[in-house]
Amino acid sequence: MPNLLDRPYAGNFQPNARRVVKYTPDALVYVNGDLSIPGCPKCNGRINIQRFVKSVSVEAGVHAGAASGSIQLAVPVIWGDQLFREGRMLLQPGLEVHIYMRGYFPVQGQFAHLDTADAVGQTGLNQGNFDNFPTYPYYHVFHGVVTSADYSYSDGFYSASLQLASMLHFWQFHNIATNAALVAVKPDGTRAQPNIWGNIYTNMHPYAIIYDLYRSIIGAPGGIEGIARLDTYRTNLNATITTRDGQDRLIYSMVQLYWEERFRTSIQSLRMYGVNGKLYNAVQQAYIGRRNSTKLNKLLQHNQHLDLDAQSNAKDPFSRSFAVAKAIGLEGAGLDVTFAPSMGTEGASDEKEPLDFNMTSIFAFTLSPGSANLNVFNTSYMPKLTIAQQVCEATGFEFYQDVDGDLVFKPPFYNLDTRSSRVYRLEDIDIISFSVQEKEPQATYCTVKSGLINSLNTGSDPSVGNRGTFIDWRLVCKYGWRPADMEITYFSNPKSLFFVAQHRLDILNIDIHSAQVTIPLRPEMRPGYPVYIPSLDCFYYITALSHQFSFGSACQTSLTLTARRAKVFAPGLPGPLQEGENAIDRIKLDEPWLPERPLEIMDNGIPRWAGFPNLVMALDPLKLNPK
Amino acid sequence: MARTPPPALLYQPLPAGPGWKRTYEIQANVPIDGSRGILRDSSVGSPFTLSVIPPPLLMDAMNRERKEPIDVISASLRVNDDFTAFQEKITEFRSNGIVTKSNVQQTRLETLVGNNGIFFDPQTGQTNQANVLGIADVTQALSVISQLNALLATPPLTLLINPMAFSIVRQKKQQYSDRNRSGYIFMAWGEEQVRLNVSGRIGAYYAGTRYFDGDSPQNFQGHGGPSRGRISTTTSPSGNQFATMRDSASYQNLMSLLTLFRNNGYIYDLVGESEAHWWIGMIAISYDQWTYAGHFENFSFTHQETTMRGGIEFTFDFVASFVFDNAQRNFQVLPIRAPTPSPSEPLWSDPTKRPLPIGTTRGRLQPAPRLNPPLSPVADPLRAPLLR
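Line order of the protein sequences matches chains R and P. Each number in the working numbering corresponds to the 1-based position in the first sequence with 20 added. Each number in the working numbering corresponds to the 1-based position in the second sequence with 1 added.
Keep in mind that the hints are not guaranteed to be accurate.
Said to hold, decoys possible - Here are the simulated distance ranges between beta carbons:
(1) P/Glu-276 with R/Val-588: 31 to 39 Å
(2) R/Ile-626 with P/Lys-102: 48 to 56 Å
(3) P/Ile-169 with R/Asp-605: 42 to 50 Å
Claimed, not checked - Only some residues are given here: those of chain R computed to face chain P with a beta carbon under 10 Å:
(4) Lys-42
(5) Cys-558
(6) Ser-570
(7) Phe-571
(8) Ser-573
(9) Pro-612
(10) Leu-614
What the hints contain is simulated information worked out from the structure, not anything from laboratory work. A virtual CB, placed ideally from N, CA and C, is assigned to each residue, including glycine.
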């Protein structure tokens with residue numbers, strides 16, 4: 021009898037058409053850089069906590085406070101007596117935690133270096149095939165600290181849990197003295213100076229602020245206050261300690277050293293991206309971060325810099341600042357910082373704005389009539405995190421701690437095409453559950469205001485300054501009038517403000533289309549990148565993700581998705597085609613009130629709907645032009 | 002072929018996790034199998050055979066050019082692949098450079114893993130260390146290779162006695178409890194994975210005294226037995242009794258099955274000794290020209306007061322990820338005949354056409370010309386273990 025596949029009467033049955041994916045998740049928890057923690061202080065014994073970890077959960081996202089985690093442990097009594105000895109718990113707040121998880125996709129080439137000359141050769145194995153040998157790498161998914169630890173005893177067992185927060189957690193408590201008191205008691209070496217403009221970050225461009233926050237690790241000491249008479253103020257702010265080398269040192273300086281060691285750049289890096297998504301290296305970051313807007317603008321507008329072929333003194337890194345920029349690979353990188361997505365220079369009302377939109381002109385802290393202020397006795401503080409969030413608010417950038425512990429300052433990569441990356445493509449077989457939400461917009465029209473002069477905040481008085489208002493009439497028809505306002509200082513002409521309002525509205529309404537997806541554990545993923553879902557033929561942007569890992573149980577990754585990008589169906593006349601009529605003849609781009617009319621194409625003999633290509637360019641811009 | 006069961010010792014290298022290791026003792030007597038070996042010949046009967054399949058994903062990666070990332074979805078088979086394609090994959094994998102060619106090589110490899118990548122040559126006193134990589138541990142890679150070699154060298158295990166019951170459970174995945182205004186909402190999700198329920202019974206505990214001609218040294222010298230000549234007295238149990246349990250072919254067959262259950266096709270973390278397995282292969286069960294590739298779910302056997310001299314009953318559940326129908330049209334369909342010549346048979350009246358008893362050669366059953374080359378119901382490459 022022929023087998024199943026050859027039986028003519030069973031031709032509609034095909035075995036093994038359904039796939040079974042087999043993978044092997046794993047998680048490792050490092051506490052203070054080690055898989056074990058110190059146990060008995062007398063014998064230097066160590067306690068391997070891996071054997072007690074029963075589940076791990078980590079979250080990451082594109083917001084500063086998104087990265088967090090938790091660890092659940094089950095501890096036998098014999099070990100509990102070590103971990104919780106004499107009422108002293110070894111697992112306590114402040115411990116630094118790294119979590120690694122084994123990847124979903126095997127990777128080849130990790131062992132290509134093995135050759136017959138070393139010990140492997142002694143086994144007689146053929147070296148050539150190590151090139152292809154695959155392995156599952158471990159990925160860093162969390163770096164943070166224990167913020168709370170608890171344990172309980174019940175039924176002869178200890179249960180413990182650790183709550184974790186990312187390293188950015190400390191940015192809430194590391195303050196910057198934005199305007200220090202003129203007359204104040206402060207330790208030597210304190211970076212706290214009075215500022216006549218009211219804030220040390222006034223008119224500082226975003227890259228410089230973020231870079232400065234990153235470099236000033238612990239910030240300024242608290243309690244810097246001015247006094248009229250010394251006998252009215254008692255503090256240990258200037259307390260000293262005698263170190264082992266016999267020198268008296270300020271405790272504050274020792275604290276500084278401690279935090280610098282903890283956040284030294286080899287442990288936590290800063291990654292800053294240009295507007296077009298280019299990642300700056302450390303030297304470029306330092307170059308951009310240490311120059312003020314004026315210098316940077318002058319540099320970026322310089323012909324020598326913008327012209328890639330210009331030689332002149334470009335090879336001499338010490339001659340001119342733009343030559344330095346070229347030497348460190350920033351040539352042509354003006355477009356990384358400045359970008360004009362919808363506004364051309366042609367016809368700009370203000371010719372002093374050659375590229376219209378310039379990141380170095382966006383200030384989170386601007387000069388305003390009331391801002392100039394010298395504090396005599398009081399010091400103004402701002403937490404580093406608050407400052408960073410204010411920068412994000414002004415720029416639309418994201419600032420967060422990535423899964424590998426690095427700090428990221430980047431634009432949202434909504435438009436990145438990640439289809440070719442298997443990591444960011446969610447095939448049907450990957451998806452365990454999927455839920456989609458579509459909700460009302462936050463705003464249907466947006467007004468952007470600015471002063472008459474760039475970089476000067478003239479307040480919200482409508483009689484002063486310029487304004488631009490964009491109304492999305494389709495949204496207004498559907499949802500009514502929902503206002504949104506914004507004040508900026510980097511544009512002063514109404515046309516630019518109009519387009520800023522248009523973009524601002526898009527950002528505000530980004531959550532109209534959102535989704536939640538659960539997939540098998542995929543620690544390769546990072547927040548801040550789009551995923552492509554082939555079955556829906558659309559992209560979503562990962563604003564947050566979480567890895568739920570439980571030994572002996574399901575291990576899954578949950579994605580919080582927003583900013584759907586899907587194909588667009590152009591407006592068109594409904595109904596079947598008439599004789600001699602082409603499908604494209606029924607598309608009416610100038611009649612947006614018509615219903616959507618998808619184009620039907622044949623894809624390998626299967627009819628499929630296709631989006632309208634290049635729709636943005638196809639639309640007549642005059643119909644939307646405020647002029 | 003499978004008529005003679007392989008020695009239990011051949012299953013020793015099969016990794017079974019950091020928490021379990023099967024040890025073997027030198028056996029002074031001979032395990033006796035009372036079953037009919039011819040029934041375990043796949044050309045005559047339908048033996049129940051289990052074999053280990055290396056991780057298909059790993060084989061895929063090794064069998065092709067480097068291309069990242071590896072497609073985890075098509076990790077094993079294309080839809081139209083049959084078991085022959087699977088066998089070819091294993092055969093190609095066998096030709097790979099990471100397969101050891103001798104026991105010496107394999108021992109060296111295991112030594113290298115045990116020494117954390119450091120090879121010590123006792124002849125020269127030299128040590129040689131494998132390059133250590135930061136991201137992926139080289140000792141781990143070598144351990145994976147070592148275990149792969151053990152999988153490839155493990156012969157298929159044919160049960161001495163076929164199971165008493167072999168049930169194939171196909172379960173529909175569907176849901177129709179939701180209601181709407183006019184009736185039910187029916188959701189069909191196809192089928193669950195095929196589940197096998199197998200229960201069987203092993204034979205009696207039999208062990209015999211070893212006879213030898215005295216020309217060759219015997220292993221049990223120094224273990225209580227004489228070194229030469231015919232044994233006159235024995236120091237090891239023999240016959241059918243509880244004491245011969247561990248020396249019996251039936252119990253050893255069961256223990257080898259247990260070893261396969263423990264292995265379950267996994268590549269274990271023997272370096273870190275964790276339960277976070279590195280790779281997942283499969284177990285293939287071949288029976289009645291079908292092959293089921295998947296994993297054991299559970300395994301149990303019971304000692305009872307009524308089975309003190311053998312006949313332990315066992316059961317296991319098995320979930321198949323892949324199912325292959327290997328049947329081929331080898332014989333013509335002929336009129337049914339009685340197992341013994343009988344006058345009631347229609348052809349009895351014609352002596353020239355009178356059926357002969359089964360087993361006689363002038364048979365009526367003539368093999369039809371084979372449309373395809375003969376196909377073994379089990380993985381052929383696994384039947385020829387490398388130098389073990």
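Item checked: In rising order, the numbers of the hints this structure does not comply with -> Failing hints, ascending: 1, 3, 5, 6, 8, 9, 10.
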